[in-house]
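Protein chains: 2
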Amino acid sequence: MNDALFVGQKAIELSKLVLKMTTSAGSGHPSSALSLAHIVTSLMYICMRWDPDNPWNKSNDRIILSEGHAVPIIYAAAADLNVKVGTKQNNRKLTTKDLDKYRTISSELDGHPNPSSDFPLFDCATGSLGQGLSCACGLASGCKHLGIENYFYTIIGDGEAREGQIWEACDFLVDYKLFNVIPVFNCNGMAQSDPISPQQSIEKLHSKLNAYGFSVETIDGHNCEEVLSALQRAKENRGPSAIVAKTVKGWGVTGLSKENHHGKPLKESQLTDAYKDLDSLLPHPSSPVSVKVGPRVPKGFTPLDYQSQSLPDPDFQLLLKDDPTVLATIEKGILSTRRAYGLALRELGRVDQRVVALDADVKNSTFSEYFAKTFPDRFYECRIAEQNMVSVAAGLAATGLTPFISSFAKFITRAYDQFELAMIAQLPLKMCGSHSGLNVGADGPSQMGLSDLAYMRAFSTVKNKASKPLLTIFNPSCAVCAYKCVELMNQIEGACYLRSIRTDLPILYSPQEEFKPGGAKFLRIGRDLIIISSGFMVHECIKAADKLEHEGIEVTLIDCYSFPVDKQVIRDALQTGSSEIVTVEDNLGNSLGAEIASIVASDTEISAKVTQLHAQQIPPSGSTKEVLRFAGLELMDRWYRKG
Amino acid sequence: MNDALFVGQKAIELSKLVLKMTTSAGSGHPSSALSLAHIVTSLMYICMRWDPDNPWNKSNDRIILSEGHAVPIIYAAAADLNVKVGTKQNNRKLTTKDLDKYRTISSELDGHPNPSSDFPLFDCATGSLGQGLSCACGLASGCKHLGIENYFYTIIGDGEAREGQIWEACDFLVDYKLFNVIPVFNCNGMAQSDPISPQQSIEKLHSKLNAYGFSVETIDGHNCEEVLSALQRAKENRGPSAIVAKTVKGWGVTGLSKENHHGKPLKESQLTDAYKDLDSLLPHPSSPVSVKVGPRVPKGFTPLDYQSQSLPDPDFQLLLKDDPTVLATIEKGILSTRRAYGLALRELGRVDQRVVALDADVKNSTFSEYFAKTFPDRFYECRIAEQNMVSVAAGLAATGLTPFISSFAKFITRAYDQFELAMIAQLPLKMCGSHSGLNVGADGPSQMGLSDLAYMRAFSTVKNKASKPLLTIFNPSCAVCAYKCVELMNQIEGACYLRSIRTDLPILYSPQEEFKPGGAKFLRIGRDLIIISSGFMVHECIKAADKLEHEGIEVTLIDCYSFPVDKQVIRDALQTGSSEIVTVEDNLGNSLGAEIASIVASDTEISAKVTQLHAQQIPPSGSTKEVLRFAGLELMDRWYRKG
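Chains as they are written, first to last, in the working numbering: chain A, 1 to 643; chain B, 1 to 643.
These are computed hints drawn from the structure, not numbers from a lab. Be a bit skeptical, because a hint or two may be false.
Note that identical chains are pooled: a pair holds if it fits in a single copy or bridges any two copies.
Stated by the list, open to error - In silico SDA-like pairs for lysine to any residue, Cα to Cα no more than 20 Å straight-line:
id: 1; residue 1: 609; residue 2: 571
id: 2; residue 1: 267; residue 2: 630
id: 3; residue 1: 177; residue 2: 527
id: 4; residue 1: 609; residue 2: 569
id: 5; residue 1: 101; residue 2: 625
id: 6; residue 1: 465; residue 2: 630
id: 7; residue 1: 267; residue 2: 23
id: 8; residue 1: 264; residue 2: 326
id: 9; residue 1: 567; residue 2: 611
Using the sequences provided together with the hints, build the complete structure.
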């Protein structure tokens, strides 16, 4: 049987499975899935080199379903091909019987692609649209780094092509010559609530892709010969290639294709007619198709030789020896935490080959440029496109590398959706949000990270599969602490977020000081008042504590540099004699203060009052001092009255 | 003097002011500003119809500086033209003396465009890149709605053109035929840390814009004739027009243009040489230029006649009379809050002409389609591009309209940066995040809004200029509450965020029930345990309370439907006799629980223990019941032990 005829028959077989599983689940998107029947069949049975018995093999070609809701067609193929599900250690072969459990809690077959559900064919989570091509670029970059030559077929909806991130990914693909990433646009002309805009028509997509530098083939996505030969040519092309496939939403089934039918399965009673519709389209109506053609298994590869993750204690004079201007600063005992981030990252690069770094055109502000200059082959300049950067990092992480991402904390907020998909997949992203807090001052609020801690803290309240915090947060107050927190970020198996600060700040800790996730440092002990702070405001609190002590008020000052905060920190604090806690932070509320209040309120044995000082308003531009005053954080006035 | 000669001379005069003000501030981006000298001068002195004495006039043509860091050139022109700063009621004319205060706290001249600083020439905040063109589209849409015919010149950096949002905006501009929005790309070839990628070259931008449907002119951005004539032609073109301008970063000043010089002012000692450099480029070296040519004042317009904002109490049977399938549901006393959102929005549309709505291809899920069908001219289908949607809404809000934005809460996370810029500008966005919480179930975590409350709560902890919460949050548990909260959203002058729920839920309140910002409802009173919940989990808590009461445990149950929660709610709760509070929510932590814990911990007179129940893990797909169990929210087991 030739490949095209096989695909034609198999596509119908899989389409029936799609109808059955979605009807059985009572939810799902059969119409979107059916529009991909021939493309997915061509890929998974003919085109891709991959091993259903070992979906963990990094050398496998991959299918990335950016329009994640169309996933039933992939599940159907995976079940037919008996792909392994579960973990590397504990797994089994998927069968078509498993399709009946689609979308139930115990099933590996989630509503949208989700590797956390032990479905290892997927590397990254998709389902919030526009992210798959970026993930594919990350996977391809990671595999390239590991010396693997494979292909990444990424399926994108035409409606979905409205997401700007798709075009950020196209730029990245071209910049990094990732010609083994092949986007396939599924143009069924229908989005969820309407037909697509003319701006996402087949012709427009074709023109746009051309303008971005792609060779484009427009094909009939249900013509098996066209699909197979276009995929083959895209593979052979030595430049960026894309396929624009005209398809039918609900292909082959009258009840699903007459009008826009999005996200609704057929009723049980409609199935017989639907099967008949499909059977009438069989290219070879006689015998049922058995799996004669199957994917070819790729070669293995030699993994990287990973070295130690530990770093020696920082000697900033030595680390900065090539930079006389900064040396003068460090000799005065001050250094910014953002510079410490860059230095630690560079040192990690030396001891751990898995470490790669990404930045979005601000590497000379976040200081990831230290890494970029030393390890140009492990650095990804993502340009001014944060969404793509975070999804690329997710792809890199899925290949086993450890991606450190940096940009201004403010700008990373626009990639929170992408960050969340990585959290759903439990991928170990290490993010650094620089220029955190009001102290940024003169550049104004559009450059200040003021909400990041509130947001990130949510992810630190839940656990990952290893029963550790899904996200560990670091908010260091000085260069030594920042340096060591970066080392911790690499040692922690899960995801981490570190905030760095623009300003040069006094170094508070000796190079030998030890830090740990959830730890805190008691900077001084006094019996009248407990001040808890982190990041920039620790330094303001030191000044405040000095003044208060001058007035005879003894202060306990705690630097809570990591979330979630260990409850014991608060218990220890209350041993000092005071039950007055003031939390101090130069960002919006629901951050450090909420963390401490939550601990205090959760335990009847802890009796304390928590006053949360944080920004009361978003300030305009000004000096750090002016901005703190404007935001209501000129501390002395308020604390004196407490005394 | 002809226009081109005037621009040539004036540009140099303004460039000197740029150098002076940034040197005086010790920060800012003179090199980016200088690359725009001729374009901004051409626009503000020749091309634009606008009134420096009345920058509040909605009929003015606008300049939108998407690359906000280049703002000193606009400040220089504004000072030279004595534009009014301050409020409508209390203002003064800006002078060149004011430039010395650039970036100080009392100045109107922020580090990046910020209308909150009483600089009304700007309508929206920019500075986090990629957002200006979307804002311009919103402004243009708003003005069109108001019957105004004016132009919106949007300046975008070439490096910035990497942001996908720019291209989302291009699609929107074409879809909505906003040909009076004219993007001008400032191609100086330099981003912050590197030369731009070849993907953002002049040629590529030209091709991309063509592919998006624009007529494009590539010009020398420092050739005054070319700039003026290209702007004129773009204005006259009856289709989408864009200008791609080749410019020089640090134009005219050796010390700023020799190499990439980003975000660094000259030293005082370098100014004399820089002025000489500029003077040597004077097109007419003899006499200084005085303001002979100035902007022409546009005509006024008749504002909309605004009607009442109040709605009658909801009668869902009546409101749903055209939809028999839902009528059956409502007759059983159940209805989803998302449907209530749509119905209330439609009714608001009837009573308040300022109300407009936006959605991102999920209007049949968020039910903004009720509004869309009734008021198609006031509805913006933004397609699958959430970032553009939120910035368009910011632009609409800046014209005095009241934009209601809806999408899945999950998908709005990718527009948080855009949302924040609107918060900085204190624009009254009304956002609805639907499909909030774990209860989404079968579609899986990529569709669940789990972090939105944590993030949004941060903005509810700060105040706006009216000393009200910068953001008021609503998390209604039933259709009546949701309907009335939507009405409150319209009545509140500031920004609001409402979470809606996918599931049909029992209606808890009578149509006459009254609700208020920060309010809460005591659903039952008991002396043994206080349960505080909101949204979906209120219904689970009712079941829990029933069971507990069966066991002899009397429960106080509070529906905290709005943040920030009034402290008195907690005081009242504790009057019931118990000091055990359990907060219950089906999302990640740092949300409702943090709100309540913060209140309890802040006051020594409140003595209570707060146990926060929220998701302990991010679940896979499953039924609502399965998902809640997986996430550790199967309540009964845990509470029984408490009793």
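Now for the hints, and whether the structure bears them out:
When the C-alpha separation of residue 609 and residue 571 is checked against a cutoff of 20 Å, the pair qualifies both within a copy, at 13 Å, and between copies, at 16 Å. For the identical chains of this complex, residue 267 and residue 630 are neighbours neither inside a copy (61 Å) nor across copies (29 Å), given an alpha-carbon limit of 20 Å. Taking identical chains as interchangeable, the C-alpha atoms of residue 177 and residue 527 are never at most 20 Å apart, the minima being 62 Å within one chain and 68 Å between chains. In this homomeric assembly, residue 609 and residue 569 come within 20 Å of each other (Cα to Cα) both inside a single copy, at 15 Å, and across copies, at 19 Å.
Taking the shortest alpha-carbon separations for residue 101 and residue 625, only the inter-copy value of 16 Å comes in at or below 20 Å, while the best intra-copy value is 60 Å. In this assembly of identical chains, the alpha carbons of residue 465 and residue 630 lie at most 20 Å apart only when taken from different copies (12 Å versus 44 Å within one copy). When the C-alpha separation of residue 267 and residue 23 is checked against a cutoff of 20 Å, the pair qualifies only within one copy, where the shortest distance is 6 Å, while the shortest distance between copies is 71 Å. With identical chains, the CA atoms of residue 264 and residue 326 are at most 20 Å apart between copies only, with a shortest distance of 17 Å across copies and 61 Å within one.
Both within a single protomer and between protomers do residue 567 and residue 611 lie at most 20 Å apart by alpha-carbon distance, with minima of 18 Å and 14 Å respectively.
Hint compliance for this structure: hints 2, 3 are broken, all remaining hints hold.
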